[in-house]
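Number of protein chains: 2
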Amino acid sequence: MKKAVCLISGGLDSCVTAHIAKNEGHEVHALSFSYGQRHEKEIECAKTIAHSVNSKKHIIFDLNLDKFGGSSLVNKSQNLEKERSLDEIGKTIPSTYVPARNTVFLSIALAYAETIDADAIFIGATATDYSGYPDCRPKYIKAFQKMANLATKKGVQGKTIEIKAPLLHMSKAEIIKEGIKIGAPLEKTWSCYAGDTKACGKCDSCLLRLKGFKDANIKDPIKYDSLPDWYN
Amino acid sequence: MKKAVCLISGGLDSCVTAHIAKNEGHEVHALSFSYGQRHEKEIECAKTIAHSVNSKKHIIFDLNLDKFGGSSLVNKSQNLEKERSLDEIGKTIPSTYVPARNTVFLSIALAYAETIDADAIFIGATATDYSGYPDCRPKYIKAFQKMANLATKKGVQGKTIEIKAPLLHMSKAEIIKEGIKIGAPLEKTWSCYAGDTKACGKCDSCLLRLKGFKDANIKDPIKYDSLPDWYN
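Residue numbers (the numbering used here), protein chains in the order written: chain A, 41 to 272; chain B, 41 to 272.
If we strip away everything but chain A, and leave its shape as in the complex, we get:
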């Protein structure tokens, strides 16, 4: 059975991605990062998602990115930015940007993949709704693949650890529809930057998620503190 390392954040995108990996016949080895998130909710969701794809193993990797500071997602002393409208999202790089995050995550996934002799790494990066993050662009993923081929023992032997980002060119609505089609438990996912028991319904991540459900004409199964006017 082909092995794949799946990056699972607890969010909607990585949930659908992990189910795609499973459906393609991979034995899933789940990898999540604990990196100074504001809450542990994401990790709990990641565990549920890893379980839902029968992960052979689920490694929660501690990463003290808050040692460097720099992002309101990792640095607890920095406030989350002001609410933005849907129009503003994707036009600038938000303060929730974690420097080189996908590079760090993919690199550690690469170390894991090489150790267990996996054929692929699955990441839920999406360029369509990329919200201004440079490391979600297709050309970035391509460059990482090229570097990875040169970085590893497997590469020297002429084999490849394939970086798979199956959602790269999908809109949030398409991801939601795909997730429902393949039975991904979207009700167990968590996207909010700010919330705790309920999602806030106001941060970039909530707005993009809600917009996706609206466009897909499907009701988001999770609970929100408040909903934008346009959602209902």
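Everything labelled a hint here was simulated from the structure, so no lab data went into it.
A few of these clues could be false.
Said to hold, decoys possible - Coverage of chain B stretches by chain A, computed from C-beta distances (three or more under 8 Å per stretch; other residues unrestricted):
no., stretch
1, 91-102
2, 248-261
To be verified - Among the chain A residues that face chain B by a calculated CB cut under 10 Å, a handful are:
no., residue
3, 102
4, 108
5, 149
6, 152
7, 174
8, 184
What the hints assert, rightly or not - In silico BS3-like cross-links for lysine-lysine, where the CA-CA straight-line distance does not exceed 25 Å:
no., chain 1, residue 1, chain 2, residue 2
9, B, 81, A, 182
10, B, 42, A, 107
11, A, 179, B, 186
12, B, 199, B, 43
13, A, 107, B, 81
14, A, 43, B, 186
15, B, 251, A, 107
16, A, 228, A, 97
17, B, 107, A, 107
18, B, 43, A, 193
19, A, 186, B, 193
20, A, 87, B, 186
21, B, 186, A, 193
Backbone N, C-alpha and C define an ideal beta-carbon position, used for all residues, glycine too.
Fit chain B to the supplied structure of chain A, relying on the hints for placement.
Then chain B, alone, in the frame of chain A:
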């Protein structure tokens, strides 16, 4: 003053590299990794070296690469491989190979560099004595640079965080001579995979180091448990 993140392992190569960074006029921000080494000796040497280049800050980053296993350098239950002769070193990938190590280190350095707005990352990689590690080859460093340019906010703004590997094409003897020329404290460095108070004089790393000093016609200032016949 230009800022540079310098990867400092405690070994000879990273010591000389950090001194090159300083001599080029950089304010050094030192970064070392604690990743399941067999001993903490390396970290102590890294601190001394960081101090010798007047580092503005020295971050010791915990990285539990032993969660994955896979290398005798990180996995304490796996024995170090049998001693090899100088002829054998560099022809195959040794068991001390840590999967994707430089990729993980450079990625985290990239996150640090972007956070503090540094212009460069210095790494002591060397291709000449690369001892069989794929991620010490010039084409690997080049591919990492290309990926890094696409990964970062700085890259989007058309600026570059330069990956500098000034030793890349130097032999160990040349590195030693350069280090002495610029006043790098080689007597404070540690290269041995196995030793504790004294270096073993038998592992790949000791042999390459001793060969370098012999070729440079300079006496290695550190103490060894035993020395190979050809050294004296």
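When the hints from earlier in the document are held up against this structure, which numbers fail? 2, 9, 14, 15, 18 and 20
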